[in-house]
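Fit chain U to the given chain W structure using the hints.
If you're matching them up, the sequences are chains W and U in order.
Taken in order, the first sequence gives residues 1280 to 1498; the numbers are from my numbering.
Taken in order, the second sequence gives residues 107 to 355; the numbers are from my numbering.
Just so you know, not all the hints are guaranteed correct.
Computed far set for chain U versus chain W, every beta-carbon distance over 12 Å [stated by the list, open to error]: (1) 140; (2) 143; (3) 145; (4) 154; (5) 163; (6) 181; (7) 192; (8) 218; (9) 239; (10) 304.
Below, in silico cross-link-like pairs of lysine-lysine (PhoX-like), each with a Cα-Cα straight-line distance of 20 Å or less [said to hold, decoys possible]: (11) 165/U x 132/U; (12) 165/U x 184/U; (13) 165/U x 1422/W; (14) 1423/W x 184/U; (15) 170/U x 184/U; (16) 322/U x 289/U.
By construction, these hints were calculated from the structure, which means they are not laboratory data.
Remember, it's a predicted structure, so these values are computed and weren't measured experimentally.
Heads up, the beta-carbon is just placed ideally off N, CA and C, and yes, glycines get one too.
Spelled out from the first residue to the last, the chains are:
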Amino acid sequence: MTSHPSKGFCFLLVLGFLVGAPGAFSQTQEKPEAQEQEQVIQPDLERRDIKIPRIDTENFEVGFFSGILSVEDFGSESVTGARVAYHITEDFFIEVEVAESTVSDSSFRDLGAPLFPNEDEDLEYYSVSIGYNVFPGEIFIGKKWAMTSAVYILAGVGNTDFIDEDLTTVNFGIGFRILPTDWLAFHVDMRDYVWDSDLVGRNERTNNFELSLGFTAFF
Amino acid sequence: MGRNAQGFPNFFFFQISLIGGVHAAKLYQRVEVTDPFIELRTGPGRSYPIFYVAERGEKVEILKRKTDWFKVLTERGKTGWVGRAQMENTLVDAGIKKSFRDLLVEQYIRRRVEVGFGVGRFEDETVTRVRAGISLGEHFMAELSIGQVSGSFSSSRLIDVNLIAYPAPEWRVSPYFTLGVGKFKNDPKGTLVGASSTEDTSANAAIGVRYHATRKLMLRGDLRTYVVFIDDDRSDDFQEFTFGLGFFF
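This is chain W alone, in the form it adopts within the complex (with noise of 0.2 Å):
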């Protein structure tokens, strides 16, 4: 613990602004030579207004999902969550979810041994994960219908809060995507939560698995 600011951190701040500086010297020398292109005699012609239609970009992917998400030492609960997904190129996406479960001590109790102020606590969860699309494909029903589906797999950090205790949360995941329109997708997953926990007496590294259906839209 020191009473100032370390040297190094002062170092930092003078060293950060003299580089910054020049960028700022050369933005503000940019600006006379535009006012030198101006025109001098102002043509009288009525200006056509040229429209270019939008191109509609769906790169977006927005829903929800619901499953069971399995704690290690407390058993299995039902999840219900939210995904927002964007996708950088055709092959990776960068996925946030965040979701809602709850974990139970009742084989705690029954022993006569309780680790929570209630039974049932709230368990809350969100990660940031980047996807990579590995087997992208088309599904054939029938004759008349061909659906673009894909086998991604996921990874990610995130946080888990519950029974007070914010938990660093590594996660990994297998997933299918199928889309029966351009703008609608089902998805099947299967995530692998892992956390540190001390709540059954030792800290301990935990997997905690979770098998979830949803849909998106795609905007």
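Okay, now just chain U, sitting in the frame of chain W:
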């Protein structure tokens, strides 16, 4: 990439005319094929089969875009997905003779919002960060960063507003410097008795490097010093290292 000094006002004009156009009947961007042919695929990806080709001179309407794939409707009523490389060589037909590639480049230069996340070490604990930034000209960016440190005894939440300076934004591997202020909240774990949570003002400075991996995706790593002002005459220092990725919209 050189930025045209006049590009900015043009951009606003362009935006206004776009908003005006949306209320009219559904209009699609029409382009003319100038390559010998373009290939239509059944899905938005390189592995989907080609089922049709549109020839030179044919006009196609662009219905939508997914990542770098464009869904087009040909004059003969075929609908399929065409890759960016082939679309770039088509000509825009809206009263201006302009290649579709120029339109895409304009869009790329206009990108201003950057989002990302990172992981790293905050002293000896794991830190995760989510960031969003908006560029302020070529050399500066304002960034909001939310971090969480989940330690063995307590968890901390860091919310910072940073100013980032890029001395050489045109380099593929580009260094940067940041300065910021924020809030540092610390919550002891529920299993500890008698500890109370705190919230203090903090300042931070960092040096970092970002690497433009692809057109949209970049990797970044930085070394950050945090100073938390606990009270009038006491402060605490923390070092943080994070590695992460970011992408542009």
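Hints, one by one, checked against the model:
The non-interface label for residue 140/U is consistent with chain W: the shortest C-beta to C-beta separation is roughly 18 Å, beyond 12 Å. No beta-carbon of chain W is positioned within 12 Å of the beta-carbon of residue 143/U; the least distance is around 21 Å. Distance check for residue 145/U against chain W: the nearest CB is about 15 Å away, which clears 12 Å, and the non-interface claim stands. For residue 154/U, the non-interface assignment is contradicted: its Cβ lies about 7 Å from the closest Cβ of chain W, within the 12 Å cut-off.
No Cβ of chain W approaches the Cβ of residue 163/U within 12 Å, the least distance being about 21 Å, so the stated non-interface status holds. Non-interface call for residue 181/U relative to chain W: holds, since the shortest CB-CB distance, roughly 17 Å, exceeds 12 Å. The non-interface label for residue 192/U is consistent with chain W: the shortest C-beta to C-beta separation is roughly 15 Å, beyond 12 Å. Taking the minimum C-beta to C-beta distance to chain W, about 15 Å, the non-interface status of residue 218/U holds against the 12 Å cut.
Residue placement check: residue 239/U keeps its beta carbon more than 12 Å from all beta carbons of chain W (closest about 15 Å). Distance check on residue 304/U: its Cβ is at least 14 Å (rounded) from any Cβ of chain W, clearing the 12 Å threshold; non-interface status holds. Note on residue 165/U and residue 132/U: the hinted pairing holds, with a Cα-Cα distance of about 17 Å set against a maximum of 20 Å. Restraint check for residue 165/U and residue 184/U: the C-alpha separation of about 12 Å stays at or below 20 Å, so the hint holds.
For a cut-off of 20 Å, the pair hint linking residue 165/U to residue 1422/W is broken: about 30 Å separates their Cα positions. Taken as a hint, the residue 1423/W and residue 184/U pair is honoured in the structure, with Cα atoms around 16 Å apart against an allowance of 20 Å. Proximity of residue 170/U to residue 184/U is assessed by CA-CA distance (about 14 Å); at most 20 Å being required, the pair is judged to hold. Distance check on the hinted pair: residue 322/U and residue 289/U sit about 31 Å apart at the alpha-carbon level, beyond 20 Å; violated.
Checked against the numbered hints given earlier, this structure breaks hints 4, 13 and 16; the rest are met.
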